Structures are given as structure tokens and as C-alpha cells.
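Novice: If you want the building blocks of each chain, they are given just below.
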Amino acid sequence: MSEKKTKRRDFLFTATYAVGAVGVGATIWPMIDQMNPDASVKALASTEVDVSTLNPGKTITVLWRGKPVFIRRRTQEEIEEARSVKLEDLKDPQKDEDRAKNPEWLVMLGVCTHLGCVPLDQKGDYNGWFCPCHGSHYDISGRIRKGPAPTNMEIPKYQFVDSNTIKIG
Amino acid sequence: MKNFIRILSLTISLVGISLYSSAAEKVEYLKTDWTFKGPFGKFDRAALQRGYQVYKEVCSSCHSMKYLSYRNLAEKGGPGFTESQAKAIAASFEVTDGPNEDGEMFTRPGKLSDKFVMPYDNVKAAQAANGGAYPPDMTVLVKARGGGVDYIYSLLQGYEDPPAGMTLDEGVYYNKYMYGNKIKMSNQLSDGLVEYSDGTTATVEQMSKDVTTFLMWTAEPHLESRHQMGFKAVVYLIILTILVYFSMKRIWSRVETKV
Amino acid sequence: MNNHEYTPKSKFGKWFNDRLPLLTLANHLTDYPTPKNLNYWWTFGGILTFCLITQIVTGLVLAMHYIAHADMAFESVEHIMRDVNYGWLIRYIHANGASMFFLAVYIHIFRSLFYGSYKAPREIIWIIGIIIYLLMMAAAFLGYVLPWGQMSFWGATVITNLFSAIPFVGEGIVKWLWGGYSVDNPTLTRFFTLHYLIPFLILGLVVLHIWALHVPGNNNPVGIDIQKPSKDTVPFHPYIVIKDGFALLMFMIVFAFFVFYTPNILGHADNYIEANPLVTPAHIVPEWYLLPFYAILRSVPDKLLGVVAMLSAIFILAALPWLDTSKIRSAVFRPIFRQFYWILVADVLILGYVGAMPAEGLYLLIARIATAYYFLHFLVILPVLGFKERTIPVPMSITEPILGGSPNFAAVKNSENLKSQ
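Residue numbers (the numbering used here), protein chains in the order written: chain A, 1 to 169; chain B, 1001 to 1259; chain C, 2001 to 2421.
Just chain A, with the same shape it has in the complex (with noise of 0.2 Å):
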């Protein structure tokens, strides 16, 4: 077979295959992306929660993407006590300034960063929360102190709408 001839197979046979590859892979899609969050459930990707009958020292829990939010409006004693615990104690240091930008306002992801279990408020060593299930401690910030959990609790992203209404997500 002459040269130019099987360019010419060879330049059909691989057009053929680039363009049924392009085919294949434009099925493949939708079959993968159908598993990924739908439209109802990036609806609920947010949560809108009413602070306004929340006094200091105290705590709620809320639901927000299937996962307990703990938000705590700290006393000023709380506050000061946070703010003072030097970086060098700390497992996974963070400043509180950096965890809570309204230094009133503490919210984050009642997930204990060791297995995934739900802390106790106002339990444990250090005047913040304890997690029951393998014994780790956290302070008054949401910080681990002590116990095998690694990392601090989460903050997830959150913005004040309003003076009494959190936006979580």
C-alpha cells in the first residue's frame, strides 16, 4: 500500500476513534455528575438561624447540612480567658481573634475532630466541651487541650445578616 494511502487510513481511523472517545466521555457524564448534591439539596446548602433570644453563657445547637452547629454568645470572662491561653499549650495552635471575629459570637461545628462524635457543653477540663467517646477536651475557644482529637472544631463559614440573624454556609 502506498504511503499516502495509509496516511489517509490511518488519519480516518484515528478521527474516528478522537471522535467517538469525545462521545463516550459526554455519556460517561451525566451518569457520574447525577451522584453529585442536587438541586434541592444545594437549596438547603445554607441555614439562617435567629439569635435573638440567645443570652450570654449560653449555647444552642443547630442542624446545618445534616451536622450540629454549637453557637455560643461568650461572657466577658469567657472572652478574656480565650484570648489569654498562650499558642505554645495549644495541640493545633490558633488564635481565638482568628476562630471568633465578634469576639461574643462562637460558632462552629459540633463534630469532634478524632472520630466524629458530638462533645457535651460545659463539660471537660478546661471550661469548654468534652467529647465522651474517647475523652478529648476543649476549651472555652472550641480548641483541643487534651485527648487524642488532633485538630480544633471546625469553623465553618458564617456571616451576621443582621444583628440578629446568623447566616451559616
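To be clear, the hints were calculated from the coordinates, so they are not data collected in a lab.
Because the structure is a prediction, the values reported are computed rather than measured.
Ideal placement from N, C-alpha and C gives every residue a C-beta, glycine not left out.
Where hints are given, some of them may not hold.
Unchecked claim - Computed from the model, here is a short list of chain A residues facing chain C with C-beta under 10 Å:
#: 1; residue: Gly-20
#: 2; residue: Trp-29
#: 3; residue: Pro-30
#: 4; residue: Ala-39
#: 5; residue: Lys-42
#: 6; residue: Ala-43
As the list claims (entries may be wrong) - Here are the simulated BS3-like cross-link-like pairs (lysine-lysine), alpha carbons at most 25 Å apart as the crow flies:
#: 7; chain 1: B; residue 1: Lys-1056; chain 2: B; residue 2: Lys-1115
#: 8; chain 1: B; residue 1: Lys-1111; chain 2: A; residue 2: Lys-67
#: 9; chain 1: B; residue 1: Lys-1066; chain 2: B; residue 2: Lys-1115
#: 10; chain 1: A; residue 1: Lys-42; chain 2: B; residue 2: Lys-1076
#: 11; chain 1: B; residue 1: Lys-1066; chain 2: A; residue 2: Lys-4
Position chains B and C relative to chain A; hints supplied.
Specialist: Here is chains B and C on its own, set in the frame of chain A:
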């Protein structure tokens, strides 16, 4: 080959006859041009918004729209409300939520994620309030009737006096296009009933067309994506078919026979 | 046909193949000698495999979102259509895919009827095919119930009620099928399970179907056996792969038209109404592909005999290799049989048409005549034809009719003329 063509024509004619005759009783529906018909059909956004207004002001007191969420009003391919407009629409309705910390149900303004509020709590309540007839949910109504959009459009304009000699019970009305001609919904539309926010004159025909367009969208919210994807799919398949055809010819040329 | 001489090229390939001979299998499928005179009616086996895989993949994905509970099924389907990413596309592919599956299977079956592919030594392939067809009908019926629309519910009620025709145990069987005293939630949940199961049974039978085929090899349009593989056949890859690919793409264009432009035209509007046990639709009809059997069922006034007639219409096909007594396989060389074949095709189409109409008046009369003729064709016409028919002389080999230069060439030319009538 000839016989195959004969059989194919027989099949197509039989299918054609059965589709035509099964569509509805021998009534000719009123015709209008629908912008969403045909392979390149699209929705007229202004008509969808007007249709929503008709639904809200005229129909929603009896007919639910339970598979639609308020956020759908702002999504691509729909009436084209902005997110804040859709939010405001949602907030104008009271939605039941709960139980609260006291274990009680309560009402609150609607959110984008809520489904459209239903006029009655359940089917029985709807029947009781409407002389025993259940006003059907309208979300997929256009697909649930053999005559489709033409049927709904005609029915809304099809109220007239019953023919001589026909007596109707209390609460039953005569409609030219209703299957069986007797319907328990009275004529709902009259000229100027709704004041369109875009200033269009609200004749009965205009409102019928707009609300039917809206109902086509509620039944098939992804119609435009479907048409667009269809165009790409068919063009792609034709290209690939041509490539494969020539590949096939090339391969079979090695064999001394016809394909 | 077993080729144990194949040796894989790589060391790992050899090691693996010695333990599980998948590479030998792949080599066999690639080299499989296929008659070179196959026409496009032979591409539907490949198309059917594509349809089965499509239904399984889309069905699996739908099952991730569908809820098999009477209170939530309809809503879950609407959730798929509206909220799930590409849900509308996957649902429409699955629903229209069922119709395309049956379109392909009917063409495939009628190919076999015309060319005598059911005749010895291919009887078992044919019978496995009948079983696959029965399972397809079961899967389609069960699947149609799942959206829990008016047709879903009432179709389920009508068809399950048929079992009450069985004497003595009928009523008990129906209660057992229902899991209650009427079609309700227990029926729906078990129908979902069975609908999920059956395609995999079909998959297993398809493997057996192809395995049984590979023993004698494919039939072909002239219906004579392969004389010399080197002259009469081509390797399956690339010749048949590319031809099946081309046919499949044409099929997919038709499929795409349904999915993207008229996705609901083959369905019934009543199935967009939620199931209501208190309101029966004016006309209960199954999907188009079950209509001929529905017509046969309704043409017999007795309930039990109607069921027997409907089932016999399918089981009679299993007896076909023995009912058709002709020694000649292909209708190309059987001019009288050919006429009766086309009359049968018309008969089945007519049965389909009257199956969609109310079972009264002229429609019922036509249904009865068409039903009687259907059985007449298989039980009387075919056996008699085998003995009485004067067939056209058959060529010596597959390639000879094309290449010419043999004493039978003139006879074949003659048959080509007859075929075009």
C-alpha cells in the same frame, strides 16, 4: 425490499391513525403558535411571568403546584425572575414548619427552598371545598392530558351555553372541549380579570395562552436544555456516523464482496 | 471452534490466561469467523446488547434516587426529573430505551423468522431467545408500575388479576403476588426488587445465547452452511465490529430523536396522574410493545382461555423449529413461504393496532380474525408448506452467488429476481 417498504408504510399509517384518534374525541382544539414547540422551541420569558401571575391570582386558590419550589422561578430556562424577586415571592407566602422547641407546628414566611404552598391541606379538604371534585394539581397537568397545551388552552376558553335539551346538575358546567363536555369548574377567566404588571392587555385569550405557557414550563422545566442538548447530540451522531461509514468502507474494501 | 493454540504476547498475559483464559476468549471473539454475506438485519444482536447495557446503567443510576413506596414513588420520579443533575435525561433515556429495546428485539425476531435462523442446529439459541423475550416483557411490565401513575396502578391491577383465572389456586396466587387484597405498597416494593433482578437474568441468558450461537456459527441470508471459512467468512473484528458500529449509530440517531424531541410520545398521558385506586381510567392500555398480546387476550371472551391464548401465542414460537417442516432455511429460496411471512407481519401489526382500541364492535371482530390467523400460520400453514412448497434451488456456497462461475449461478440470479417482487 419492496415488501419491507410496504410493511413500513402500513406501520406508519397505523401508528398515525392511532395517535390521531387516541389524542382526544373528535373536537378540533383552538390553535395558536407556541414558542416552545419544535426542535428549536424556547419559552417566552415574559409570557411565563404573566402566566405565573395568572396562576397566582386566579388558579392557586384551588389548584396546588406541589412539585414546584420557589427557587425554580429563578432558575435557568424558566420565567427569569431574579433570585431576590423569587425570594420576595416566596416570602409573600406563609409556610408551615416545625415542630418547634415546644413541639408545636408554626408558620413562617416562605424561603426559596420551600415547595409551593398548597391551597388545601389534603385531597379530601380540596374535594369538600369544591363540590366533591378535586381540582387537580397542575405541576404536570399539561403532560397528564392527551391534548396537551392545545387542550388546556381551548378548555379555558371553551365555556358556552349547553346545547338545547341538555340539563346540567348544580355545580356542573358545559365546556366544549372538556372530555364528556361536563366540568365542575366554572368559567374562571374574563377580560381584564388580571392587571398584568408588564402592561399587556389581559383578554381571556391572552391569559389562557400565558397560563398554559407557564404550565408547559412547570411540566417540563428543562425543555430548553433538552432541545439544546438534542441538537448537539444529533449533530455529533451524524458526524460520527459519517466517519464510521467511511471507516467501514475502507475496511471492507479488503474483501472481494459487497457490504 | 475452541482455539487452545492462542498464546498471549506478554508474560503477565500468559500467567493470567493460564489461570483464567479470558485472553483466549477475547481472541476467539476477535477472530470468530462470521459469514461475509450478512446483511443489516444481522446487526440487531449487537444493537440489543447496547440496549441491555443502556437500560442497566441508566436503571442503576435511577435507582439511586427513586423511592419504592406508594406515598413517595411519583414524587421521587418528579424529583429526578427536576432536581437530580441530568435526571431528566437519564429518566427519558431509560423510558424510551425500553421502547427502543423492543423495537430492536422485534426486528431481530422477524429476521430469524425470515431466514430460518431457528432451524436445526440452532433450536436452543432460538428457545433461549424466547425466554429472554419473556423476561424482557416481565421487566418492562414491572418497570412501568414503578412511577405509580394511573396506568402503572391499573395496568398492574389488570395483569395481576389475570392469574385469578387459574382454577382452584388462582385467587390465592393473586393475593400472594399482591402481598395484600389489592395492588398497593407491598406490591410496589416487590415489583421494584424483581425489576432490578430480571435484567441480570437476561444478561446471563444473553451470554448463553451467544455461546450457543458460536457452536454452529451464524446463519446467513442464503441459509446455507459455511463450506470454506477462508472464502466464506471474515473475522469478527474489525469487519463485523465496524458494521455493527455503523448500524448502532443509525439506531442511536433514532433513539436521540425520541429522547430529546418527543420523549413522551410513546407513553400514555394518564401515567402523569398519580395512582388513584378509586378512579379507573377510561381506556387501560399497556405500552405499545405489548399491544399484540393484549389484543389476543381480549379477543377470547372467557377469562382463563384468554390467558391461555395469550401465553400460547408466545410459547408456540418455542415449537417453531419443529412446526416448520421445510428443509430449506432461508425465505430467499421459499417463494410461497415468503408471501405468508409478510401476511404474518401485517397480522401482527393489525393485532397491535386493535390492541390499542376498545375491545368492541369492528375492532373486536378484527382482533378475533387476526388472532385466529396467527395460530393458523404456525399450526397449519407452516407444517403444510414444508411438505408442499416447491423451493428454488439453493446455491453451492455463500461466496459463489457473488463471485459467479458455478452451475448454480443462474438459479441464484433467478431467485434475486423473485426476491424483488
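Novice: For the pair supplied as a hint, Lys-1056 (chain B) and Lys-1115 (chain B), is the alpha-carbon distance within the 25 Å limit?
Specialist: This hinted pair holds, its Cα atoms lying about 14 Å apart.
Novice: Report holds or violated for the interface hint on Pro-30 (chain A), using the least CB-CB distance to chain C and a cut-off of 10 Å.
Specialist: At 4 Å from the nearest chain C Cβ, Pro-30 (chain A) passes the 10 Å test, so the hint holds.
Novice: Is the hinted pair Lys-42 (chain A) and Lys-1076 (chain B) satisfied, with a Cα-Cα distance of at most 25 Å?
Specialist: holds, 15 Å
Novice: Is the interface hint for Trp-29 (chain A) satisfied, with its Cβ closer than 10 Å to some Cβ of chain C?
Specialist: Since chain C brings a Cβ to about 8 Å from Trp-29 (chain A), closer than 10 Å, the hint holds.
Novice: Using Cβ atoms only, decide whether Ala-43 (chain A) comes closer than 10 Å to chain C, and label the hint accordingly.
Specialist: holds, 9 Å
Novice: Would you settle whether the hint for Gly-20 (chain A) is holds or violated, based on the nearest Cβ-Cβ distance to chain C being less than 10 Å?
Specialist: holds, 9 Å
Novice: For the pair we were handed, Lys-1111 (chain B) and Lys-67 (chain A), check the Cα-Cα distance against 25 Å.
Specialist: holds, 21 Å
Novice: Under the criterion of a CB-CB separation shorter than 10 Å, is Ala-39 (chain A) in contact with chain C as hinted?
Specialist: Holds - the Cβ of Ala-39 (chain A) comes within 10 Å of chain C, reaching about 4 Å at its closest.
Novice: Checking one constraint from the list: CA of Lys-1066 (chain B) to CA of Lys-1115 (chain B), max 25 Å. Satisfied?
Specialist: Holds, at roughly 6 Å.
Novice: Restraint: Lys-42 (chain A) near chain C, CB-CB cut 10 Å. Satisfied or not?
Specialist: holds, 9 Å
Novice: Are the Cα positions of Lys-1066 (chain B) and Lys-4 (chain A) separated by 25 Å at most?
Specialist: violated, 65 Å
In the structure shown, a violation is registered for the earlier hint numbered 11 alone.
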